[in-house]
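Chains as they are written, first to last, in the numbering used here: chain F, 2 to 378; chain U, 2 to 378; chain P, 2 to 378; chain H, 2 to 378.
There could be a bad hint or two in this list.
Copies of the same chain look alike in the list, so a pair counts if it works inside one copy or between any two.
Said to hold, decoys possible - No farther apart than 30 Å at their CA atoms in a straight line, the calculated lysine-lysine pairs in the DSSO-like style are these: (1) K277 x K145; (2) K165 x K220; (3) K70 x K52; (4) K220 x K358; (5) K92 x K115; (6) K277 x K165; (7) K70 x K51; (8) K45 x K220; (9) K115 x K358; (10) K277 x K115; (11) K70 x K220; (12) K92 x K165; (13) K92 x K45; (14) K277 x K52.
To be clear, the hints were calculated from the coordinates, so they are not data collected in a lab.
4 protein chains.
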Amino acid sequence: MAPQTRRLRIAVSGLGRMGARHANHFLHRTPRAELVAAFTPNPKELAWAKKNLEPWGVTIYQDYDQMLKHEGLEAVCVSTVTTVHAEQAIKAIEAGKHVLCEKPLSTDVAACEKVLAAAKSHPTQKVMCGFSRRFDPSYQTAYKSTTSGAIGRPTILRSQTCDKYDPSGFFVDYAQFSGGIFVDCNIHDIDLALWYFSSPPPAGKAEKGEREVVLPRVKSVSAVGVTAVEPGLAQHGDVDNAVGVVEFFDGQIAYFYSSRMNAPGQHDMTEIIGTKGKLVVNGNPAMGLLESHVPSGIVREIPQTYYERFEAAFVEEARVFTDVVLDGGEVPVGLESSVEAVRIAVALQEALRSGRKIVFDREGRRVGGGDGVKARL
Amino acid sequence: MAPQTRRLRIAVSGLGRMGARHANHFLHRTPRAELVAAFTPNPKELAWAKKNLEPWGVTIYQDYDQMLKHEGLEAVCVSTVTTVHAEQAIKAIEAGKHVLCEKPLSTDVAACEKVLAAAKSHPTQKVMCGFSRRFDPSYQTAYKSTTSGAIGRPTILRSQTCDKYDPSGFFVDYAQFSGGIFVDCNIHDIDLALWYFSSPPPAGKAEKGEREVVLPRVKSVSAVGVTAVEPGLAQHGDVDNAVGVVEFFDGQIAYFYSSRMNAPGQHDMTEIIGTKGKLVVNGNPAMGLLESHVPSGIVREIPQTYYERFEAAFVEEARVFTDVVLDGGEVPVGLESSVEAVRIAVALQEALRSGRKIVFDREGRRVGGGDGVKARL
Amino acid sequence: MAPQTRRLRIAVSGLGRMGARHANHFLHRTPRAELVAAFTPNPKELAWAKKNLEPWGVTIYQDYDQMLKHEGLEAVCVSTVTTVHAEQAIKAIEAGKHVLCEKPLSTDVAACEKVLAAAKSHPTQKVMCGFSRRFDPSYQTAYKSTTSGAIGRPTILRSQTCDKYDPSGFFVDYAQFSGGIFVDCNIHDIDLALWYFSSPPPAGKAEKGEREVVLPRVKSVSAVGVTAVEPGLAQHGDVDNAVGVVEFFDGQIAYFYSSRMNAPGQHDMTEIIGTKGKLVVNGNPAMGLLESHVPSGIVREIPQTYYERFEAAFVEEARVFTDVVLDGGEVPVGLESSVEAVRIAVALQEALRSGRKIVFDREGRRVGGGDGVKARL
Amino acid sequence: MAPQTRRLRIAVSGLGRMGARHANHFLHRTPRAELVAAFTPNPKELAWAKKNLEPWGVTIYQDYDQMLKHEGLEAVCVSTVTTVHAEQAIKAIEAGKHVLCEKPLSTDVAACEKVLAAAKSHPTQKVMCGFSRRFDPSYQTAYKSTTSGAIGRPTILRSQTCDKYDPSGFFVDYAQFSGGIFVDCNIHDIDLALWYFSSPPPAGKAEKGEREVVLPRVKSVSAVGVTAVEPGLAQHGDVDNAVGVVEFFDGQIAYFYSSRMNAPGQHDMTEIIGTKGKLVVNGNPAMGLLESHVPSGIVREIPQTYYERFEAAFVEEARVFTDVVLDGGEVPVGLESSVEAVRIAVALQEALRSGRKIVFDREGRRVGGGDGVKARL
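Please put together the full structure from these sequences, using the hints given.
See below:
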């Protein structure tokens with residue numbers, strides 16, 4: 002077989018909602034990848050895998066460690082529940098595999114840092130947290146536009162994650178594991194702020210080929226929130242609508258909104274506001290290109306779920322990760338940035354719960370007491 | 002009183018739906034005009050005038066000829082039913098008044114030509130047909146853009162007039178007087194085609210200060226239509242949905258659509274398509290700047306009536322007409338163009354009824370028989 | 002003259018940018034008002050008035066107190082620089098005039114309260130602060146929709162005021178008087194939050210005909226900002242981009258953004274987010290209904306200034322104020338609300354400068370020290 | 002291998018622009034298909050195939066007849082130049098293969114009818130003309146909405162195909178083979194009219210499982226056009242801007258526009274106008290969800306080519322064709338409809354060239370002479 006048709010042998014861990022999708026993407030929609038194995042301990046997911054994966058030659062495991070030993074396995078996509086992301090990622094790294102891990106790495110900053118440490122000690126392996134929005138073409142065009150200087154210096158970023166209301170109560174129960182609305186929802190928006198506000202690596206580092214761009218440094222975080230539709234969230238210290246503000250050193254501000262009650266569907270949007278212009282991603286959400294002119298007015302439906310909005314981005318994420326592993330180069334989402342995103346999200350969640358603004362110095366140390374948030378590396 | 006505060010003494014003839022609006026515009030919203038008189042033979046309109054106009058010092062007449070003799074009267078706005086537009090306009094012209102006449106001048110081309118002849122024999126008086134869309138700011142900006150060359154040479158014009166369905170049956174009865182859907186509705190679109198496709202006057206004429214721009218010359222007209230919601234229209238040779246195509250000499254095409262059944266409201270729109278770009282007026286109709294994000298999607302209401310859409314244009318039309326009379330200059334809507342619009346509309350209506358394409362030579366004579374449409378002047 | 006044609010005799014104080022517009026609105030575009038007098042001490046404005054107002058019979062004064070004595074004067078529109086709004090409003094009230102005062106009443110809360118006290122001691126006179134956005138049809142439709150329950154309970158309000166960048170440096174100098182970006186720009190957004198979050202008066206009060214709706218009570222304010230384009234603002238403790246968050250008791254949050262550097266023009270927008278839907282006012286700004294399809298894409302121009310966006314609202318504001326004075330009833334913008342708006346804006350400005358979150362108890366007293374912001378009445 | 006993983010063995014004939022894309026779609030993006038062979042006589046395309054297809058196990062042929070004999074081949078996707086579509090399709094059918102043929106079947110009606118006859122004599126094979134727009138999700142949602150009765154009875158259809166201007170002159174040379182602008186561009190719009198205006202099969206036929214829906218019957222066609230940017234087209238009897246109107250018996254009208262000079266890119270759009278509402282597909286074209294707020298205004302880029310707009314639809318077309326072959330059932334685009342589309346396009350082209358309206362009786366025979374267009378079957 003010609004070199005260009007060599008395919009990455011990958012496994013997917015966890016076959017829940019997103020895991021099953023990742024499995025399908027690697028199985029059917031990533032030409033250079035070959036889904037060789039999958040792991041799930043869940044009977045229902047197992048049945049799904051028997052029917053939908055096994056016939057295509059995928060080996061199904063009920064033991065994660067066994068799966069890691071699958072003959073020829075090169076990479077793992079970790080899509081289990083958030084609580085085991087870090088542990089599974091570390092095991093895979095230590096077993097010599099490349100890792101694509103669903104976001105967030107963990108709801109716990111220390112756990113994230115362990116993943117980062119593991120990755121650093123295996124520098125030839127690719128480890129990437131799957132911040133899917135970065136692979137959406139509109140966000141990518143906005144990024145190119147930003148770095149080209151089209152809007153001057155990016156100064157303010159506004160970003161929101163708004164879900165359609167799910168009356169099943171699922172997200173209320175899930176709140177005990179999710180880390181809270183900033184960690185679960187706005188983590189994407191935080192990641193975008195870090196992306197659009199990052200600077201290229203300083204001259205010296207760039208020359209040596211060192212990879213990480215310079216992340217903006219947090220100066221303060223503050224947050225407020227309410228439980229408008231699900232009072233039960235309060236018992237987990239969570240809310241269903243939240244506003245968070247992150248101030249960075251060097252004159253940049255990001256502000257976020259998240260909601261669990263958006264009436265027409267999923268509406269995630271971002272504005273990158275520069276000194277000379279503004280880029281708006283998904284200010285006008287739409288499910289396709291159809292508009293209905295009916296007695297109630299002109300009506301446009303919008304995506305109902307995160308996946309409906311970002312399906313193509315997930316497929317692109319799989320393609321890019323595969324290409325980077327096969328061809329070499331840096332993963333496009335730096336792991337330090339993904340750890341920093343959790344750190345900020347956790348701080349926002351704390352600010353929400355305490356009602357206090359949290360202030361940092363340039364080294365990432367808290368000013369005025371508090372020790373819940375460690376310094377940036 | 003200072004010269005700049007001198008006000009034009011105007012009367013409004015006919016106080017039906019549009020007449021009452023014109024009266025209000027001249028009374029309250031045209032600073033340099035003074036509504037001094039109004040005429041209506043209709044008891045209901047008369048009662049309205051007693052209550053709403055008389056207290057402000059407006060004299061109400063039940064005899065049109067008497068009104069023309071009102072002391073100091075300088076101008077008349079003719080807003081009666083279409084069938085008497087031409088007659089009243091001619092009387093006013095012959096009485097030495099300036100005239101603003103509602104569109105169309107008549108449903109009969111010969112009658113239109115009589116108005117034109119009267120106007121020509123009183124060259125110091127201003128006579129203008131009220132094609133309100135020309136005074137809409139979006140159409141005006143589009144015109145400036147067109148003449149500036151921003152879209153290259155205007156080549157194709159698409160324009161539509163779509164009314165919200167009126168279940169009262171009014172427009173079915175009215176079809177016997179309206180002249181048909183092209184004369185009643187698309188006349189506006191035809192006027193726009195003549196406007197955007199006209200050329201500046203040839204060098205010689207312009208030097209002598211001769212006014213009329215050069216109108217494009219019709220090469221053919223064809224039309225089709227259906228009665229989708231009001232079969233009763235057929236008895237008047239009319240339809241509720243029509244498509245008409247007008248081919249001009251020198252490589253320009255206008256195509257029109259009109260409908261009586263637009264579900265969300267009034268939707269009149271126009272595209273001016275040039276060799277280097279396209280201008281779209283009201284491709285996205287809206288009643289203000291509000292959008293509702295509700296379970297059915299994102300919803301935008303649109304104007305319900307022609308007046309809701311063009312109220313400001315009517316006020317501007319009154320202002321401009323007043324200024325031209327007081328300050329001198331040419332009326333912005335040439336009367337020959339307004340006659341040509343009727344000629345084209347009548348030809349389209351004939352093409353609709355006969356099912357035949359009607360062809361003209363460069364002098365406006367029919368090719369291949371037919372005599373219903375006279376030559377252009 | 003019939004009762005319905007009786008016109009309110011009003012004067013305009015200050016003929017700067019907005020004052021001249023108010024004068025024109027009352028002179029030419031408010032049928033039931035008669036502009037009888039105007040005051041300005043400024044030579045340039047005086048020359049304008051001689052040319053544009055005097056010929057229409059308006060008496061021009063260079064002494065405010067003299068103007069108040071103008072024979073038959075009934076009302077004053079205060080449009081001078083902000084620093085004298087309160088003083089002139091109080092003088093007019095004490096002289097028995099109705100007052101329409103430009104926003105804000107003052108940049109100083111105590112001064113605002115004096116205006117409120119004066120108004121309360123003259124209960125038969127109408128005193129209204131001119132929050133123009135409330136008279137914009139889209140905001141009004143949104144209000145009706147909100148009170149009808151269409152979006153459930155209003156919970157989150159996002160609102161922004163973004164000006165086109167003015168390279169003249171005007172707003173840098175003006176920063177020493179303006180009270181800062183929250184007091185100068187976001188005051189409108191704050192007013193909207195108070196409007197959409199207010200509740201009808203409690204049953205008892207409503208029965209007695211007591212007027213004021215129940216304003217939401219502030220729980221905390223926090224703010225951040227940067228000087229991205231005009232570092233000179235820092236000397237006045239001001240910024241050119243700011244984000245502010247206001248938390249109310251009873252589960253409501255408003256968050257604001259203001260900017261002095263919006264590239265295409267003026268973009269003020271508001272989202273009212275309820276438990277069952279969201280209303281967006283001006284999410285898609287537009288200058289009319291024209292779109293250009295040109296090589297760079299599909300382009301839509303937007304208003305360049307606040308007045309281009311809200312001209313019709315200012316005219317409506319004049320009409321409504323006039324009607325309320327002539328016909329009786331409550332002014333639609335409660336004066337207590339307008340004082341509260343300044344109180345919140347000043348607190349946001351303090352939070353911006355100090356970097357501290359400011360917290361209040363239900364009676365409006367500061368929690369945790371501080372005394373700059375007095376209790377709500 | 003499990004039944005569900007059995008894959009359709011397909012070949013692609015022609016590896017020009019669209020052929021190469023089809024090859025990629027079947028190779029990498031159609032899980033249930035296996036691209037086993039490809040044919041091209043063109044050296045440049047051959048080189049591309051050696052590099053991009055052969056390494057994945059695809060056999061490359063320079064002889065179409067040889068390719069048809071490829072071991073195990075089940076289906077052929079015909080993507081050669083239009084002039085050989087019909088011939089290759091017929092050969093493949095006669096060789097027992099299923100066929101997916103690029104549009105149009107031919108520029109010659111008689112040739113189309115031969116393909117139809119061949120297909121009818123091999124009723125167990127699937128033969129489908131690739132009208133890609135039918136596989137676009139927005140068009141599909143519109144179709145479901147239409148058949149659900151949401152807009153009442155579909156009455157008027159407006160549809161346009163507008164390409165970005167290609168200054169290379171390619172399409173001028175190509176005009177000698179393309180069949181003209183209606184056959185080359187508007188054929189898609191004509192297909193949509195046939196789709197949205199078709200009725201379900203009559204009761205009797207439906208009971209017997211007979212497949213074809215009832216196509217609307219053409220009553221007249223008329224067309225006009227101009228050469229605005231490429232006068233050279235005239236030598237081939239073609240134009241660069243055309244308007245065509247098709248009247249159907251039973252009260253339906255379709256009108257079309259095509260252009261070769263759309264400034265910002267590709268803009269294909271369709272309105273399906275019913276008695277109770279209107280569906281608009283791509284009234285607001287967009288390349289993704291990004292809007293730029295820059296000094297010139299708010300700008301949105303649009304797709305540059307037909308493929309940028311319809312890439313996903315082509316992939317879906319491949320998927321659906323594959324599923325129908327593997328699982329049984331009817332192809333979603335009836336072959337008789339595809340022949341009828343050519344018949345209408347050819348008639349429009351003739352109307353354009355002759356300047357005459359062409360009229361048909363209910364049996365598809367021309368009324369008033371003419372013999373260029375045969376009767377509908």
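request  = Any hints from earlier that this structure breaks? Give me their numbers in increasing order, please.
outcome  = 8, 10, 11, 12 and 14
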